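K.L.:
All chains should be modelled from the sequences, with the hints used to inform the complete structure.
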Amino acid sequence: MRLFSIFSLVCTTVLIVCTAVFSSSAIIIPTPVNIPQHWLNNNILRTIDLTSPIVRETTVIIAQNVHNDLVGEYHFPVKEKLDKNLAWIEAKERKTDIVFDVEKVEFDSINHIQYYKITFDRRVEPQEKITLIIKTVFTHILTPVPYEIPQTGRQYLVYEGSQYANSAYLSEKQKTNIKLAFSTLMSYTQRENKVNRNEKLITYGFYNNIAPDAYDELKVHYGFQRPIFTVKRFRRDLEVSHWGGNLAIEEHIDLKHDGAKLKGQFSRLEYQQTSLYGHQDSTAARDLQLLLPPRASDVYYRDEVGNVSTSTFRNERDRSVLDFKPRYPLFGGWNYTWNHGYNVPLSDFVRYHPKSDRYILNVPFLRAFTQTMYDKVQVRVMLPEGAKNVKVDIPFSLDKLTHGVFKTNLDTTGRYLVVLEKTNVVDEHFENFQISYTYDNLELLRKPFVVSGFFFAGAPWDIVTLAFWMRYPNPFASHVLSVDVIDRHVDPTSGMLRTTRLILKKGKVPSWGIGLIRTPEAYILEESIVDPHTKTMITRTKNITHVRKMQVEEWQTFRVDSQNNECTKVKIEAKIISKFGWSPLSERIEGFGLKKFADNTATSRMGMSHVLEMIRENQRLRSRRGFMSA
Amino acid sequence: MVLGLDAQNQAALLKVVILGLIAAVAIGSRLFSIVRYESVIHEFDPWFNYRTTRHLVSNGFYDFWNWFDERSWYPLGRVVGGTVYPGIMVTSAVIHNILHALNFPVDIRNICVLLAPLFSAFTAVAAYLLTVEIKDSSAGLLAAAFIGVAPGYISRSVAGSYDNEGIAIFLLVFTFYLWIKALKLGSAFWGAWTALFYFYMVAAWVPFVGFMPTRTSEHMAALGIFGLLQIFAFVELVRTHLSTTQFQILFRGFIFVSFIAMFSALVFLTYSGYIAPWTGRFYSLWDTGYAKKYIPIIASVSEHQPTAWPSFFFDLEMLIFLFPAGTYLCFRELRDEHVFVILYGITASYFAGVMVRLMLTLTPIVCVTSAVALSWLLDTYLDVSTLEFLPEEQERSQNSSFDNKVPEKSGKREKHSPDKTKKGSQNSSRIPDKKKKKEYYGILGIDTRMIIGMNFIFFLWIFMWHCTWVTSTAYSSPSIVLASRGADGSNYIIDDFREAYYWLRKNTDYSAKILSWWDYGYQIAGMADRTVLVDNNTWNNTHIATVGRALASDENVAYEILRRHDVDYVLIIFGGLLGYSGDDINKFLWMIRIAEGVYPDEVKEKNFFNDRGEYRVGDEATPTMRNSIMYKMSYYNYNELFGGQATDRVRGTRLSPGKIKMHTLEEAYTTENWIVRIFKVKDLDNIGRTLEQAAGFELGKKRRRGAKKRVGGRRNKSS
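Protein chains in written order, with this note's numbering: chain A, 1 to 630; chain B, 1 to 719.
If you are wondering where the hints come from, they were derived from the structure by calculation, not from laboratory data. Treat the hints with care, since some could be wrong.
[Stated by the list, open to error] Once the Cα atoms are required to be at most 35 Å apart in a straight line, the calculated DSBU-like pairs of lysine-lysine come out as:
1) A/Lys219 with A/Lys135
2) B/Lys661 with A/Lys261
3) A/Lys263 with B/Lys184
4) B/Lys587 with A/Lys263
5) A/Lys376 with B/Lys632
6) A/Lys256 with B/Lys682
7) A/Lys325 with B/Lys682
8) A/Lys256 with B/Lys680
9) A/Lys263 with B/Lys659
10) A/Lys256 with B/Lys661
11) A/Lys173 with A/Lys194
12) B/Lys184 with A/Lys256
13) B/Lys661 with A/Lys325
14) B/Lys659 with A/Lys232
15) A/Lys263 with B/Lys682
16) A/Lys325 with B/Lys659
17) A/Lys325 with B/Lys604
18) A/Lys261 with B/Lys682
19) A/Lys232 with B/Lys682
20) B/Lys15 with A/Lys263
None of these values were measured; they are calculated from a predicted model.
P.N.:
Here it is in structure tokens:
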């Protein structure tokens, strides 16, 4: 038995080695990168912050220009292995606090080093010194050892790195501090006279005259008795509503406890017994807390199987707090998925900028758990129907930014949708971003209505358009007093016929509206374009009197039906706007207009049909006459 | 003239308004569970309907039709498309698609939750229409009001109870209405609508009809009637062509021959297997004890139990008293529709007595007949037109007080049909002739009217109160969420089921197989999204018996069964800590009975009863019981929770002290209140020992370590 297992072990190892060899043979031609040695690091102080599952390295470098010319850039190396875990890199000058541009540049495939180029705001004189603070943030670089612990076991993490700070230049003197959250420590790399430990702080150094890219292993195995959260996917939906003055936020979260896995199975008994002592021995997450904006309301907390009742919510002066319990305590390796949502007053997040006539939405990119790794974040912003000229302004780079349309709640044209996507997000990205857009206030009052679309069956397009010109007078339109052609011409380039007509109508005013409108007559302007090539006729009619009370704008499109050439398809759209401001009267006027409009389309269609019938009769007579004369 | 309408239009408007209000009340009173808990699917079967509806909505109709669900009845699978009742799913999918076409994004769950209340509003309207055909619109309004709130119907149609009955009752009532309409008018138009709605009802209530009407015994009577109609038509045809004497001879001969031929054909077909014999569920309709003896799986379902007397009153309240009166009144008129009502009423009341579940089909007809009875009563006592007589009567009574009582008494004795009374009174009121007036006999005394009127208003008030109370207390619990009150009166929600299902959903392998008793199959499939061995569609008794056998066996036997079925987790319900009585130990006897039906040698019910013939847990439990994995899983670690000896709060028994040891199963998850316990089936030992040996080895190792300590302790003591 044992022999067999050893044999199989050997086989597997051979197999692994083989695959490793084969895969490495596929590497592209290695290219060394030579960084010009323009700098000398006088002193480096590096701090590695291991107090959270996200590792933050802050490197303070006093660098001296040893070149004989002005130098405006500094290269900073990051090991290839770590580069994919790099969530954030930032460089600034200590004295002025100016943040410099950081750019990903060459990759050294021999030494597996990725270089970042820091460009200063100025060029540094020869022999001049500059003090830089470079901050790098890494996710997923800590490994729990042992990788499985019992329910009440202690969790230990291993950090692996170099004893020396990342540098592409020679360093005269350097030191590394490692900060821990707890004082429990299993082991750490020793080095004679160079390593000091003081409770939660380990110091390596000073080291003198360290070559560029020098490496000596640094390994810290330390206790970390807290859950380690990874959010696999985070979706944040923001829905802007100018109607309700409301910003609705919904967030979908896939959370995983990425710490040491639970060994064996979960025992409720043990869990309940340890709860008496406050669960100090467990890394399980039992309660979660979310901080929401101050005036959040209508909070809900649900998951895929329904509402979760174990949550409390309170509004405080400068924030709101949502405390909730997952359905089950979250042990290492366990997942939990849920969504929650709330409303906040729009005025807290949207400002109107009168000079540019734009609205500016200013919201955090993310606002959730801190010290948590977000693998994939998607923020979807739904601007109201009618928002135009949308601009997005975000302080860091995104993976993907898309503009689209989203339809909901009886929308006709759909809302403007902006989708922002980013992977590997950490606390440093919890910054506000801005979306500015124009939005006509009248859009609030506008209700575009596709009122009807219908066919004139058996009536070809040319006859229907002819009938359109001849539709007045007809017995169903006794209210039309006169029709005059003001302007008519054929566009020489496109060959389209453009016509403008003025129609005088006698309108009926509702009893509550008599005081508003003195003259019951209304002038209506009718503009039309006939395109003989595509056989399309588009007309627009709108009233030019009583505009202040109510403006009716009607668009009609006549097209040949795609299925049957003998039929004509008519689409009617109408907008009814009352500019009486916010008063209830305007709504009433609009309502009246809509109702009237619906009634009127029916009668106008009857009128059209009547005229059509007359044209047909005429044609029949004419053809018969032609037959007789022949 | 109110609102510029004449009397007729006013009445019509009033009817519409009243019907609208009734519909609103019908919907409103079904929303208790949403207000109190949340918008969630209830119980067990609705979870399957919900799951299939979601599948239909996301994958389209053809995919749904051809859906083979490999995630239930492992390893057999289930042909869903051919075995579901598609009516309800298609209805909600159509509603969903219409709303989404209008860019109105309503979650399919909310549509499913609110479907039954919506259709109960339609049912009220249908009941109105049906009753109008039987009596008049005032009876119709009463019937609509009754069915809107009758608990017998609400029990199956509260928000969240997404089951076939939710729409089937509406379709039933509406089909009957259309049928009566067709019968009355003899119109093919109504006939066609009847057929259409009958089809819809069948789609909602019967799975996969196919050739069943010609192949099963249950349908033979209906088929026979259909054949009889053909023969009748044929006879009528022959009669027109023959003389009377010839016809007589032919007719007798024909009847004799055809009877013999058909009966023998039936017997032959039944024996040769072309026609399926009566099914067990059918037998149990005639003999309530049948199921318990022969098919325990049917008897194990609580809704298949015979109805207890109080539940008639509980579900129908005063309607149950008005029901016979209404039936009697139908006898008095006895037109075609009344015959229908009487037949429906009598058969439905028999079946409602046999099976609790069939109370549902009784409710509509009870509402209709009670409405007829009550409306007749009100017509008689509240007829306003007769008030005109009163001054006259009083004048006369001044002359002789003796005369006063005569017409009243005679009125009571003389029973007019309501229609006649009305017509008579209207006629008489219009013609100002004293002689005509004297011909009227009715109830005239204000006091009598008052007593009856007030009484019935009181009864109706009590009825409404009762219905609301029953709905709120008995029928509005989703049963997957339990509520309890804390000591300070605060509401405390017990959400253990979803806790466990969600844990399974998120933290087990997607292809994990879960073994549980069939009750929880649909819920696991719907909420945990994991493969189950058996579920609430109890089509394969053997498979269910296998599950029962696994749970009733000792660890070694059970492990073999579990391994053979690739089971990863075993899920059981344990109410002992909380006092939740619907747990698996209480259902265990049924599992044993069902298992014994298939495996009579392996599982024996009598082994679970102790010497005194009692089914007990704790000290008095039999060894077989104590060794069954169900017992072990239920009480695993339970004693330790109380530090030695625990009490089972459901059965009120103290358990025997001592630790329960298991070597083939390990606790994977237990919910907050211990209601759901999930156990993982251990994998085979890595070095080929039996699990018992492995567990013993582990234990030995631990014991040795512990023993050292203990030895040390003793030394300390002794020294």
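K.L.:
Each of the hints needs a verdict: does it hold here or not?
P.N.:
Hints, verified against the model:
{"no.": "1", "hint": "A/Lys219 with A/Lys135", "result": "21 Å, holds"}
{"no.": "2", "hint": "B/Lys661 with A/Lys261", "result": "25 Å, holds"}
{"no.": "3", "hint": "A/Lys263 with B/Lys184", "result": "75 Å, violated"}
{"no.": "4", "hint": "B/Lys587 with A/Lys263", "result": "33 Å, holds"}
{"no.": "5", "hint": "A/Lys376 with B/Lys632", "result": "44 Å, violated"}
{"no.": "6", "hint": "A/Lys256 with B/Lys682", "result": "25 Å, holds"}
{"no.": "7", "hint": "A/Lys325 with B/Lys682", "result": "30 Å, holds"}
{"no.": "8", "hint": "A/Lys256 with B/Lys680", "result": "22 Å, holds"}
{"no.": "9", "hint": "A/Lys263 with B/Lys659", "result": "22 Å, holds"}
{"no.": "10", "hint": "A/Lys256 with B/Lys661", "result": "32 Å, holds"}
{"no.": "11", "hint": "A/Lys173 with A/Lys194", "result": "13 Å, holds"}
{"no.": "12", "hint": "B/Lys184 with A/Lys256", "result": "67 Å, violated"}
{"no.": "13", "hint": "B/Lys661 with A/Lys325", "result": "32 Å, holds"}
{"no.": "14", "hint": "B/Lys659 with A/Lys232", "result": "41 Å, violated"}
{"no.": "15", "hint": "A/Lys263 with B/Lys682", "result": "14 Å, holds"}
{"no.": "16", "hint": "A/Lys325 with B/Lys659", "result": "32 Å, holds"}
{"no.": "17", "hint": "A/Lys325 with B/Lys604", "result": "45 Å, violated"}
{"no.": "18", "hint": "A/Lys261 with B/Lys682", "result": "18 Å, holds"}
{"no.": "19", "hint": "A/Lys232 with B/Lys682", "result": "30 Å, holds"}
{"no.": "20", "hint": "B/Lys15 with A/Lys263", "result": "69 Å, violated"}
Violated hints, listed in ascending order, are 3, 5, 12, 14, 17, 20; each of the other numbered hints is respected by the structure.
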